[in-house]
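Build out the structure end to end from the sequences listed, making use of the hints.
These protein sequence lines map, in sequence, to chains A and B. For our numbering, add 4 to where a residue sits in the first sequence, where the first one is 1. For our numbering, add 75 to where a residue sits in the second sequence, where the first one is 1.
Keep in mind that the hints were calculated from the coordinates and are not lab data. Some clues are possibly wrong.
[Unchecked claim] Below are the BS3-like pairs computed for lysine-lysine, each with C-alpha atoms no more than 30 Å apart in a straight line:
1) B:LYS438 with B:LYS402
2) B:LYS364 with B:LYS402
3) A:LYS184 with B:LYS454
4) B:LYS570 with B:LYS706
5) A:LYS278 with B:LYS438
6) B:LYS438 with B:LYS403
[To be verified] Here's a subset of chain A near chain B, in silico, CB distances under 7 Å, partners left out:
7) THR114
8) SER130
9) LEU131
10) PHE209
11) THR224
12) ASP227
13) GLY230
14) VAL231
15) LEU248
16) PHE332
17) SER334
18) VAL336
19) LEU339
Built from N, CA and C at the ideal position, the CB exists for glycine as well.
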Amino acid sequence: MSLLDEAQGLQEAFTTEVASATSAQALEELRARYLGRQGLLRGLFDRIREVSPEGRREAGRSLNEVKAAITTALEERTAALASGAEPETRPLDLTRPGVRPRSGHLHPLTQTIDEIVAIFGRLGFSLAHGPDVELTYYNFDALNTPLGYVSRSPSDTFYITDDVVLRTQTSPVQIRVMEKQEPPVQVISVGRCYRPDTVDATHCFMFYQVEGLMVDEDVTFADLKGVLTLFYREYLGRDVEVRLLPHFFPFTEPSGEVHMSCVFCHGAGCNVCKGTGWLEGAGFGMVDPNVLEAVGYDSERYTGFAFGLGIERMAMLRHGINDIRLFFESDVRFLEQF
Amino acid sequence: MRVSYQWLREYCEPPESPEALADLLNRVGIGVEAVEPVAGGDTCLVTEITPNRPDWLGMIGVAREVAAATGGQLRLPTVNLSEGDTPVEQLCSVEVAERRLCPRYTARVITGVTVGPSPEWLRRRVESVGLRSVNNVVDVTNFVMWEWSQPLHAFDYDTLIDHRIIVRRAHPGERITAIDGSVHDLTRDRLVIADARRPVAVAGVMGGLDTEVSSRTTTVLLESAEFNPLSVRTTIRDLNLPSESSYRFERGVDPAGVARASERAAGLIAEVAGGTVASGVVDCNYQPKRVPRVPLRYQRIRRILGIYVPAEEVLRILSALGFEVAKKTGRRVTVRVPSWRRRDVTREIDLIEEVARIVGYDKVPTAETVRVRLVRPGKLDEVTRVAQQALVGAGFFETVNLSLLPEWTASVLSPWCSSPAIEVSNPISEEYAYLRKSLLPSLLRVQQTNERVGREELRLFEMAPVYWPDSGSRTGCRERRHLALLTTLGLLEAKGVVEVALEALGLHGEWREANVTGFAEGRCLELWLDGERVGVLGEVSAEEVGRFDIRRSSVVAELQLEALAERAELIRRFQPLARYPEVERELAMVVDEAVRWEDIRELVEGLEIDILEVLGPPEQPYRGPQVGAGKKSITFPLLFRSPERTLSSDEVTREVERIVAALRERLGARLRTE
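Following this line, the structure appears as structure tokens:
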């Protein structure tokens, strides 16, 4: 190996050693070993005579460069140690898990509601509120649901008295809003609803719904289709297929129900969609003229649409939750997943 | 309602495959839940009918929709009825005692029948929709019911005492054995079909075993009737006796169709079982209504649906659905509503729905833009969001708990309202019968749930409505929104979290010690804002720990969100940064055990030292031999700063000495170092 190669090797060796020097003492020892009177570099300088006369000047210059480099590195390291810019002296096992600060969690229903409210907020719908304990009048009569209608029976509705119920849907808020203001109206409402369902994996007697209402001159079924399609694409993703099929509600005419392609099996059929490839979504329709007249709106001049959907179902689809009861059991092993 | 594909083809031209038929039915509003193969290469579509369309509970009703949607023909079955010579009035009599509960009752008699197995075509039809083939007469009644959504019943004529039918309420003490073998005690609420002596059928629901058609029957009395839907519904529920017949009566049958079904069935019975149909029909109580007419303006369709439908198409659709044109102009049409749609179609908007269904919702364009209105979130919503964020940021988990509780839970630990909780009159169980007045009991139950699965360190919160009885409210209930939290990490931690939330809302409350039921004595605080009690916080009492079966006492707090929202300041005002440096000192004072931080703080603040910027917070007090019995040492920082100049060390020392002197004199304190 030539002298110059050795010098190169020396500089590399020094670079490695100086990086792990962690005290002034260690640095001094290094300085002595490399640059001292008996040092390694000195030894190389002494061997310049081995080089041919023509190459000696070149060799000398290179060795001096190495010396300068070593000296500089030594000075830098000394300064670094002195200023305390020293990383931990104790060895650190970087593969250990990080120490996490404790984090809280919003309930998945809240997260779902927030997102849904935000989507409709972007479309200009403001948030209205109504009570859980509601007048039978607002929950049924004003919504064109006459006495004797099957949903009014005690097997389908919780009664406090004959005139007061636990609301079975968020639709009564439509009436409350329309009673308090003139058209145009553009609101959503979110809240708890109640039906005497036997509690199982897909049903609970308490559940959350979001309701939407838009009333103005010249609001049509096409506008309703637009809002619903937009919402489902935003929430479930662009490749979800949405079908609007005719249905029946006493307070809308024409009425419909959204059917969306099953997000679990993408239409192939599974036990969530019971093999059909489709899931039921929002109920919707054009507000029945009887409802508008009951709140004093001129049904010739104004038209509107309304829709309602269950929040738990949306959250279950989004997160793959298979049992509705988990939302209300408050097991922290469930809550901490969201 | 089960629709057999092969059977349907008798009345219309359905699309090529059952799957295509299912798609068509969905698109007109007949929801198809399943498509199942049945014997003989046939397929059965299981449909879910909405309550406004009882006519879809019959094959003709479904076929009519298919014909309207495809533009094809509807083929109504021909009625082959040749009547004999004997007038039916000579053979039986009918009396309707309850006119409101039975708007129409018809009876025919067929003599000389031979009851036996049904011919193959009839058996196949009946079985294809999941019914059991019984005998030729009974199968005809089921066949015709399925065809027209018109339930019929066949009686063994000879078992009817005096050959009399009386439609009446049951007498108390009467009892009937139904054809499925079940025995029912009857009350005045029940409408029955009776003969001269006893009930022979539960009207609209099920026939009696004693009068059913069997192999011994030689003469049949055929009932075709309409019964009041509400009365049928309560009967089904009270006797727990649902049937295909009751299902249709409950939803409403076509009063005009009653006679047609009777003719059809009589003709078929004679065909498959032999015999002679008596001439005429006994028809009781029928008051045919005037045929209603409904107008439709063509331009209204565009206003509601957002598309233009040509008048010819509108007329075609309405005709195909059975609406006959009474009058038409270039701008509007007036139609006669067919008898099977009278309950459902009464206004222009109802006709527009018919047009929309058949045209197809998918033909209506989807608007690309939505008119947008400026929205401002309500203050309570903003406050809710800020409070949620503060709690989540402090490491708390949000819970959502049921509003309904058992009685004992709803009435304990209720710091706000001492009236009894509002009760639901028809709860699904005692576990969920009362509306909660406070969120705290729910959180304690949640603690128990989680302890059971080994999670003992808990930080939970809920924001939800609570319900108080209020005679001043129209519903008798006042709802308020509350925020409640639970922590197993100590009272001061809970207090700190509440303070963080209040700070996020720009609020400064006042804590006062209190004695509240359900909380441990000496470990409970109330939060006051502007002279109003808005919060409660404390350690749960031993009694509640036992009652809720939790392993240890946790700390809970509940705040009234409306009260906080009223006063919340959500926009921060900037405070200029300090120009001059602070001087920090620390004092360790030994005081009697009874001395509290509040006493020290009040005393020092009372000295009104300008340059004292921050006092405290104190560290954990030290107790031990160095300090002496009955005493404790409290260490706390003092931060001095002047807004105008740099303070000198001497100045600060002077003030510290003033403080020490005051503490010494008024609280008997001494420096730890003395």
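Can you name, in rising order, the numbers of the hints this structure does not satisfy? Violated hints: none; all satisfied.
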